[in-house]
Amino acid sequence: MVTIGCVSCGPVTISNSRYSDWVQVVDGPVPLRCWWATPDAGQDDIDAITTQKRVVIVLPEVFGVNAWVRGVADRLAAAGVPALAVPLFARTAPELELSYETSDLAQGRRHKDATTTDQILSDLSAAIAWLGRVCPVAEVNVVGFCFGGHAALLAATLPSVKHSFDFYGAGVSRMRPGGGPPSLELLPRIQGRLTCLFGTADPLIPAEDRAVIRAALLETDPAGDRLRYVELEGADHGFMCDARSSYNPEAALLGWQLLERSFA
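Residue numbers (our numbering): 1 to 264.
Since the hints were derived computationally from the structure, they do not count as laboratory data.
All values derive from a computational prediction rather than experimental measurement.
Glycine residues also receive a C-beta, built at the ideal position from the N, C-alpha and C atoms.
Certain hints may be false.
Said to hold, decoys possible - Computed spacing ranges between beta-carbons, pair by pair:
no.: 1; residue 1: GLU95; residue 2: VAL212; range: 33 to 41 Å
no.: 2; residue 1: THR50; residue 2: ARG174; range: 21 to 29 Å
no.: 3; residue 1: GLU95; residue 2: SER125; range: 20 to 28 Å
no.: 4; residue 1: THR50; residue 2: GLY224; range: 29 to 37 Å
no.: 5; residue 1: THR50; residue 2: ALA243; range: 15 to 23 Å
no.: 6; residue 1: GLU233; residue 2: ALA114; range: 16 to 24 Å
no.: 7; residue 1: GLY178; residue 2: LEU204; range: 14 to 22 Å
Said to hold, decoys possible - Below, a list of computed lysine to aspartate or glutamate pairs in the EDC-like style, where the Cα atoms sit at most 20 Å apart:
no.: 8; residue 1: LYS112; residue 2: GLU95
no.: 9; residue 1: LYS112; residue 2: GLU97
no.: 10; residue 1: LYS112; residue 2: GLU101
Kindly produce the complete structure, drawing on both the sequences and the hints.
In structure tokens, the structure reads:
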């Protein structure tokens, strides 16, 4: 376990140059309207894209591929890593883009409740197949937030995913999308790396849930080399998102540093 409290950190330095736009991924059972962001090489510099060593799939909260999620992909691209933001509700709301209002949360949760694990993994496999043609030598990493964090843990079970980051993925110790045993029971299937990040002030992932998650990660990987638990002191649910009232600048900075060091 890694516990992160109050520390003084310098700013993360990234470039402002990037290319980003909507793309349609049609490799799976349903079309996926994704946000594709690439580094400053630009759209037409094919060689620069095809030789990328890493690529990131970004999985959204229940609010869809909204401006903040697109901004995450853009920031990763500006740091030099191509990023594809993939929708999780392509069957019920393929163009969902919600704000962080209570009414929007209720709408997003309805779509979440209608989404299954098989659908999530099928759509992720389609996105990975698309990335395999665009960036054929790149290793695939996944970053997810909230329900997208839960989906990132599911994504880690796919053999082609090298490292998956689950930011405050609620419910992994209690349920599985679409039904079945808790998603945490899938940990033995993970061949790559998984990092789970939680805040100690998150009401959606209380201390008892975090203890179960931490214990399961340690039981599956006692050395902690592949499966890692990171706890951020005083951080609430949604601490990475500066569009939410629960945004925690210090915790978000530390989260970004973990990501960018991993992808460096």
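Checked hints:
Taking the beta carbon of each, GLU95 and VAL212 are about 36 Å apart, inside 33 to 41 Å as hinted. For the pair THR50 and ARG174, the beta carbons lie near 42 Å from each other, so the given range of 21 to 29 Å is not met. In this structure, GLU95 and SER125 meet the distance hint of 20 to 28 Å, their C-beta atoms being roughly 21 Å apart. Hint check: THR50 to GLY224, Cβ distance near 35 Å, so the stated range 29 to 37 Å holds.
The given range of 15 to 23 Å is broken by THR50 and ALA243, whose C-beta atoms sit roughly 34 Å from each other. Range check, GLU233 to ALA114: Cβ separation about 35 Å, and the 16 to 24 Å hint is violated. Roughly 19 Å separates the CB atoms of GLY178 and LEU204, a value that falls within the hinted 14 to 22 Å. Restraint check for LYS112 and GLU95: the C-alpha separation of about 14 Å stays at or below 20 Å, so the hint holds.
About 14 Å separates the Cα atoms of LYS112 and GLU97, which keeps this hinted pair within 20 Å; it holds. Among the hinted pairs, LYS112 with GLU101 is consistent with the structure: their alpha-carbon atoms are about 16 Å apart, no more than 20 Å.
Comparing the model with each earlier hint shows violations of hints 2, 5, 6; every other hint is respected.
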